[in-house]
Amino acid sequence: MIEFNDVSLVYPNGHQGLKDVNVTIEDGEFVVIVGLSGAGKSTFIRSINRLVTPTAGELKVGGDNILNYKSKGLRDLRTKVGMIFQSYNLVKRNSVFRNVLAGRLGHTGTVRSVFNFFSKEDKALAYESLKRVNIDEKIYSRADQLSGGQQQRVSIARVLTQKPDYILADEPVASLDPPTSHQVMKYLRRINKEDNITTIVNLHFIDMAMEYADRIIGMRSGEVVFDGPVSEVSEATFEEIYGRSIREDDLRGGAEDGEQHQ
Amino acid sequence: MANNINKPSLNDDRYAPLLSPWRAKAKVSLVFFIILFFLWYSSRTTGVDFGDLIMGFTNMGQIIDKLFPINMDVLAPAFDRLIETIHMAIIASTFSTIIVVPVSLLAANNITHNWFVYNTTRLIMNILRTIPDVVLAVIFVGIFGTGPIGGIVALFIFSLGILAKLISETVEAIDMQPIEAMRASGANTIQSISYGVMPQVAPQFTSFALYVFEINIRASVVIGLVGAGGIGQLLMSQFSFNNYGAVMTIILVIFIVVVIIEYISTKIREAII
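So the protein sequences, as listed, match chains A and B. Positions 0 to 261 (numbering that gives the first Met the number 0) are the ones given, in order, by the first sequence. Positions 0 to 272 (numbering that gives the first Met the number 0) are the ones given, in order, by the second sequence.
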């Protein structure tokens with residue numbers, strides 16, 4: 000369970016990233032955060048694994064206030080929270096397999112990892128994760144030889160290898176074309192259901208949020224302006240969240256092509 | 000009538016723009032005259048003129064005369080000493096390549112966020128780099144006595160300065176996104192460096208290590224002249240005995256080996272990058 004209690008974050012330059020956020024996310028939920036760029040979606044997500052640190056309030060992950068964590072506690076928290084990025088964040092020169100194994104670093108001792116002594120179980124788990132996102136045939140390819148969609152699947156496999164309790168995805172489809180976007184969202188959704196991993200995804204595409212989310216949280220200038228199940232969401236809700244009428248580029252489209260695309 | 004020839008063939012109502020604005024032209028002209036002034040001033044104060052240069056050429060003829068016929072007796076010791084030179088370069092390059100790993104990370108502002116550590120490392124490396132290799136050799140031959148040990152230490156410090164600059168700049172240019180991902184998955188600093196930084200700098204790192212090895216071969220010839228071991232020392236002793244035939248043999252041996260090593264090293268570096 001993730002609990003935001005009156006969480007605020009002011010950046011050193013004075014910009015208010017989060018403002019009195021009160022949100023509770025239950026285990027196993029698939030939550031999509033929507034909002035315009037600069038609305039605080041990224042700050043919200045990055046607070047959960049402390050890539051940024053809120054300046055006020057209380058943020059509990061699994062019952063513990065994570066805002067007091069120092070280096071060791073922070074690393075333990077981060078091994079439990081997997082993260083997926085807009086630009087995949089793979090080591091481009093490394094093989095797909097090495098990239099996926101990097102998901103085990105938090106669970107592996109420093110000396111062992113520096114000399115590449117990963118256990119047999121770790122390697123088997125990494126391979127299993129690659130198979131789950133259907134990219135196992137690329138195991139020894141260099142990451143930069145893969146397409147954007149394939150790279151994002153590798154980064155999902157890396158997160159799976161980490162065996163997290165929570166997955167955070169920060170604009171995972173913003174650099175992808177519509178069919179690939181749907182494919183990536185389907186994998187995230189399937190993993191959420193099969194492994195019961197709480198998943199929080201930042202998106203700015205309305206149609207994708209509606210299609211994949213259980214629950215939608217809307218943000219505007221650092222504040223939560225909407226929080227409710229998808230069934231309560233209509234176009235008017237989005238217009239309220241965005242503070243303007245809906246445009247063509249708020250939609251990703253292309254849902255039907257998603258199935259055939261590999 | 001003659002004036003007409005110089006007139007542009009364009010019609011008067013058409014405007015031909017200048018190739019570059021007059022301001023830029025003035026700047027370039029000014030720079031040209033400043034350089035001309037310094038050239039004149041430098042040659043005046045050092046007392047250099049073309050007469051001396053021509054005199055020098057006649058001396059050169061005499062030297063070349065003495066260099067031949069080459070003395071093949073020195074060939075065997077020359078090769079022995081050359082191998083010593085190569086050994087010196089290998090030892091110095093290897094140790095500086097190992098030591099430069101932590102040093103270059105401390106001197107990269109994307110890895111070392113501590114302002115004091117970063118600037119201190121930079122400062123020390125900058126100071127090391129300002130000391131010429133021959134001066135280092137004189138210092139360490141003074142400490143360790145004549146022979147290869149002083150030379151190796153001098154080469155080590157010389158190459159550490161070069162490598163630290165080249166590699167820390169490479170580290171500063173890497174893609175930080177994978178490191179962010181590793182940090183976010185609970186990896187510690189050493190793990191992020193060995194999985195995120197090292198693979199990204201490995202090709203340049205290898206290339207720079209080979210480059211420094213090449214430099215060390217050449218530098219070890221020069222520092223041998225001040226008694227730091229290797230073929231340079233042999234060259235100096237033959238020179239002081241006026242044994243010019245042997246000097247020529249040594250020069251030829253150095254030339255051939257340096258060309259071969261540089262060729263191989265360049266090919267390897269091309270293959271890596």
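Everything labelled a hint here was simulated from the structure, so no lab data went into it. Remember, predicted model here, so these are calculated numbers, not experimental data. It is possible that some hints are incorrect.
Stated by the list, open to error - Using 30 Å as the maximum straight-line C-alpha spacing, the simulated BS3-like pairs for lysine-lysine come out as follows:
hint, chain 1, residue 1, chain 2, residue 2
1, A, Lys69, A, Lys59
2, A, Lys91, B, Lys24
3, A, Lys192, A, Lys119
4, A, Lys59, A, Lys137
5, A, Lys91, B, Lys65
6, A, Lys79, A, Lys18
To be verified - Derived DEER-like restraints, expressed as beta-carbon distance ranges:
hint, chain 1, residue 1, chain 2, residue 2, range
7, B, Phe115, A, Gly147, 38 to 44 Å
8, A, Gly108, B, Glu171, 26 to 32 Å
9, B, Thr93, A, Asp213, 45 to 51 Å
10, B, Leu18, A, Gly253, 51 to 57 Å
Said to hold, decoys possible - Covered by chain A, according to a simulated footprint, are these stretches of chain B (three or more residues, beta-carbon under 8 Å):
hint, region
11, 125 to 135
12, 146 to 156
13, 195 to 201
Glycine included, each C-beta is placed from N, C-alpha and C at the ideal position.
Status of the hints after comparison with the structure:
1. A distance of roughly 15 Å separates the Cα atoms of lysine 69/A and lysine 59/A; the hinted pair therefore holds under the 30 Å criterion.
2. Straight-line distance between C-alpha atoms of lysine 91/A and lysine 24/B comes to about 47 Å, which puts the hinted pair past the 30 Å bound.
3. The straight-line distance between the Cα atoms of lysine 192/A and lysine 119/A is roughly 27 Å, inside the 30 Å bound, and the hint therefore holds.
4. Only pairs whose Cα atoms come within 30 Å are accepted, and lysine 59/A paired with lysine 137/A is rejected, the gap being roughly 38 Å.
5. Pair hint lysine 91/A plus lysine 65/B does not hold up; C-alpha atoms about 59 Å apart against a cutoff of 30 Å.
6. A distance of roughly 26 Å separates the Cα atoms of lysine 79/A and lysine 18/A; the hinted pair therefore holds under the 30 Å criterion.
7. Checked against the given bound of 38 to 44 Å, the beta carbons of phenylalanine 115/B and glycine 147/A, roughly 41 Å apart, stay inside it.
8. Between glycine 108/A and glutamate 171/B the C-beta distance comes to about 29 Å, which sits within the given range of 26 to 32 Å.
9. Threonine 93/B and aspartate 213/A have their C-beta atoms about 59 Å apart, which leaves the hinted 45 to 51 Å range violated.
10. Here the CB-CB span from leucine 18/B to glycine 253/A is close to 53 Å, well matched to the stated 51 to 57 Å.
11. For the region 125 to 135 of chain B, the stated coverage by chain A is not satisfied: 0 residues place a CB nearer than 8 Å to a CB of that chain, which falls below the threshold of 3.
12. Note: the region 146 to 156 of chain B has 0 residues with beta-carbon separation from chain A under 8 Å; the three-residue rule is not met and the coverage is violated.
13. Check result for the region 195 to 201 of chain B against chain A: holds, 4 residues qualifying (beta carbon to beta carbon below 8 Å, three or more required).
Violated hints, listed in ascending order, are 2, 4, 5, 9, 11, 12; each of the other numbered hints is respected by the structure.
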